[in-house]
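Visitor: Using the sequences and the accompanying hints, generate a full structural model.
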Amino acid sequence: MKFAAAPAALPGPLPEWDPQWSRLVRADTVDGEHTFHVLDTLPALRAAGREPTGTILALHGNPTWSYLWRHLAAASLRSTTGRTWRVIAPDQLEMGFSDRLAHDALPTTHGPGYRRIAERVTDFDAVVRTLLAEVPATAAATAAATEPATPSPTAGSPAAEAPAGDHPIVTIGHDWGGVLSLTWAARHLDLVDAVISLNTAVHQPEDAPLPAPLQAALAGPMLPTSTVLTDLFLRITLGLGQGPIRKEIKEAFRAPYRTAADRRGIGAFVADIPAQDTHPSRAELEQLGADIAGIDVPALLIWGPKDPVFLERYLRDLRGRLPHADIHRFEKASHLVSEDADVAGLALRWLENRFPAAEAPAADPTHAASGAAAESATAGSPDTQAPGTGAPAAAQSSTDSPLMFDALLARAGDRSIASVDMSQQPPQSVTWAQLAGVVDGIAHGLRDLGLRPGDRVSLLVQPGNNLTAALYAVLRAGGVAVVADAGLGVAGMTRAIKAADPQWIIGQVPGLTLARTAGWPGRRISVSPLNALERTALGVETSITELSRTVPSAPLARPDADDDAAILYTSGSTGPAKGVRYTHARLGALGRKLADHLGVEPGSGLVAGFPPFALLGPGIGATSVTPDMSVTKPRTLTATALADAILTGDCTMVFASPAAYRNVCATAGELSAEQRGACASVELVLSAGAPVPLRLMDALAELFPNAAIHSPYGMTEGLLLTDIDRHGVAAAAAQSRDHGVCVGTPVPGVSLALAPIDAAGRSSSTLLTGAKAVDVLGEFVVSAPHAKAGYDRLWLTDADSKRDELDGRMWHRTNDIGHIDPEGRVWLEGRLQHLLTTADGPLGPGGIEAVVDEVPGVLRSAVVGVGPRGTQAVVIVVEPDAEAPAGARQKPGLADLELTDAVRTAVAGHFAADIAAVLISPTFPTDIRHNSKINRERLAGWADAVLRGEPVGKP
Amino acid sequence: MKVLVTGASGLLGSSVAAALLAEGHAVTTLQRRASGVTGALDVLGSVTDPGLVEQATAGQDAVIHLAAKVAMTGDPAAFEAVNIEGTRTLLAAAQAAGVSRFVHISSPSVAHAGDSLVGEPAGPADPEHARGEYARTKAHGELLALAADSPAFPVLALRPHLMWGPGDTQLTERIIDRARAGRMPILGSGAALVDTLYATNAVDAILAALTAVTRTHGEALVVTNGQPRPIGEFITRLALAGGASAPGLRIPVAPALVAGAAVEKVWELGEHDDEPPLTRFLAEQMSTAHWFDQRRTREVLDWTPRVSIAEGMAALARHYSGT
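In the order they appear, the protein sequences are chains A and B. Every letter in the first sequence is one number past the one before it in the numbering used here, and letter 794, counting from 1, is 776. Every letter in the second sequence is one number past the one before it in the numbering used here, and letter 268, counting from 1, is 274.
Calculated pairs, DMTMM-like style, for lysine to aspartate or glutamate (alpha carbon to alpha carbon, straight line, at most 25 Å):
hint, chain 1, residue 1, chain 2, residue 2
1, A, K229, B, D121
2, A, K936, B, D121
3, A, K915, A, D680
4, A, K229, A, D322
5, A, K575, A, D786
6, A, K(-16), A, E101
If you want the ones that stay clear, here's a sample from chain A, every Cβ over 10 Å from chain B, calculated:
hint, residue
7, L(-8)
8, S398
9, D437
10, S525
11, L653
12, N688
13, G710
14, L841
By construction, these hints were calculated from the structure, which means they are not laboratory data. Cβ coordinates follow ideal geometry from the N, Cα and C atoms, glycine included.
Guide: Rendered as structure tokens:
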């Protein structure tokens, strides 16, 4: 098949595309002049009387074209703050609307005549130089740097040597455009100030199979058929959107690829994937991989993990080459990341952070070290960076501050009981001396096995002594413990572990089996020794038991306080679970904060009715007892199991979740006299996971007559922020001026501020503190030495959460909304994303819920908004309690008039809000981990459908 | 101010006329039957009669145009004569007479095709897609009224949605009568949210429009209580307030839509003076959400509903129990 040459052309009218962006540009390439179609926003900028102060060079992959960058073009033109960015995005030769060359045959993997990687990089160079010459600020830079255009692996000159004045030049690429743009950047570090890449691949390891979709496309005779003769490859790619891509957008992507002749470039591109050693582009690929590793300018990797082609291993490879890169994963995005997620917003935000507009004189942004830029700049590079630069909290993290494992090591000679796990048959107990010895053995064993400081270790072990030993050993060895618990569900755990990408997995057989079948990364270690067959089947190298017998050889290095210590996960009740990074300093501060707050003394014992709390015991120097219960189902904790645990450890403290306490109170009738006596000896009852209603606190007070009953407020990102006891809750309930859930006052060391919420439901960028923050609806913002160091591989989420600069501290946006009363007590009124915006203004659901929860017949309630933001109707969904009539409890849908009236009357006593409807949901959808966080998104979606008149179904 | 109110024999028109008189305005009414409003000058006849309309508009400062042919079905020509041609005649006469405020009473049905409306603003009137002759001709009429808008002749169009209250025969009385006869169905789950408007609030809004039209004009505003309620709850409360028992009849939506369409067809074929018991439009109205964004309305009219739904229901119950 022969193809005639065809000239570049301008695209016709397309959705979301401004014809003003389209330019035809002649550039001098390796084989003479060719015409490229280029998306360039310069004409639009100049038409608006603006001159660029930064340039983004964007390169698409296969089989897309510069249409891929339309959102970036539009967003950069819309932006009126920070720099004025020019976007230049060429269509590669024979792609998009650029020139088609003449060919005698279809493209093949080894055939001549079509563009290969090396030429594509020089094509890009030719086009962008031509265009950079049009703007004085970039013309000078390119003119000065035309000489060293030849590829050289040692060309990695520091960015500081040739700063582009105050006009940064940044590359961004996707798919093969990612690796091509990185290669060009690596070879022109004199020009480039930062690099960004979306899903791409630099290196195809010899021992790993090609991703299935590519194998199919590359299979010899199939290649021309799938890529050129038909539009199969094109259609498959456009089908990779997470949500379906709109028909007219798909049509726009296809516009330059209508006929087989138009699609020759798609085939050529696929044919140039060096899948085999003999491939003509293989050497070039090896070379560019080395070149990319020389990139020392700021880098951002944006990843859509649902991509079936550019798999996690390619991101791992890129991280290895660019260890300083910031990373943001859009967990729900697939291959066409920029169609699935707001890539343009992220990229511009990152650039604003890296290259603040004029007022920041620092020509070399990598060395800008003050204020928010530095704070955020370090935020997303979790593998290497020290967090919290400049924050007062960091001052505490000197190397001699006690680390989480020090309390345990200090008791290496103590033969009293450290931990009992009663969920085992028979109950398992260990002494402090045993635990310290085991931890030391495992830590040395891990080190001897090859674990290096900073290596991530996923712990797939149920809470109990084994998990406790493994966790402290990992910390001791300088590893980073990745604690993705079963509470996330299998899908959530898979997502979390793939994102954390640990080098090691320590697991029990169920966890290891999952790791094997779900393809989780990491060298595998079992808890108990396995037989040879199991070892092979699960790919396990050794066991914790075996490692614990390691005879210590060389002493272990002590981890630095600012090194990462652990990645914990949010419960995922509001979107995919986020990884939360804690450094040794912050984990150690947490341990000390808890020990202080709880008044832990030598010999103190705690019942971990919320099993993960057992992990804290050795850290705070308290004996921990895990009662006989299902670790994944908090509500399986019975009063008798709890009492037996108290007796076993002679415990004075009890930790559990509200769901567990509910069951404890419900089963209190089964207690023997001795067990009741044990409960009477408890001094502190602590609830974790969700606030405790007064009714439940009162019930607990009956069961634990001598205990202070506390309900601290915290989150994965800051486990202990405020606290309130039963008397405080009663006092709060007795007054009628405030609504919501009162969680008390901040514990010492926690700074609290409020970001007010505007009529549109957004929280302000200005923080209020003290008297100014009283009685204002806002988002709570906290700062504490024991709060998170950052979010893991979620650059944007992290930067957002740390965007405040008040008092030069590192703050955390909690996403929790509510108000502070004149006595300084915190009242929670819901989550920022659950805020309702009615015609009368924003409304936190928690205030109304607290009132409705007291209506007879109501177990719990959720206030959701239906309708457009700004004019939402307020709807109350009720989960009826056992006192409600059976009919009302069983059938989802409209509540009867009686309950509706009762709810409306109760609300009207405190709020002006009009309640459009009261709905019944017999059971509420909740999170797995706590069984208490209501899935309001789901309830809201259901309420919306029901109130539109659609079939009721189930929430 | 001298105000002409057309269609003052109905509940809304007569209430508006009475309220204007109470505020000290001079009121002329135009409709076929006596308005029954003490103190108003009744001109008896139709808006389709140009001579009569000219006579009624002469010397007026303002016109509130409520007269319309309201029915579920009927001869298209009859709807057109009143709702389109009558409006055209009135507009021309009012402009000729130097009237400086014109409030046109329209209907939310002019702007939608029967699918669910969830917090919608008032969209443009669309005769092409409006359902039924009433909505189609009212849409034309509203377009005519807004087209006539100018600084010298400012026009505001109000679209009250599902007005109810003591004395209302269109909606309130029918639902209560049917409920008493045990023939008032709830379609589907009865959960679709609908906006309604208590009669007193409708009167207030129209009077507010008479003032507002000098500030803001040339647009249409949906007027409701701003308190959407599940249709089943609304109907049940109306029935209870009227002394009937709560409707027990529940009909699934899909069969109701089919039945509505079928009944409509049969009705059109025969000679019927009354309304068909169920139309497809009515079935849709009763099974899909219909509620509106009231922010613009309240801003333009500088008005908020005085009587809440709960207060309105209590007043209705007092009305029917004779206390």
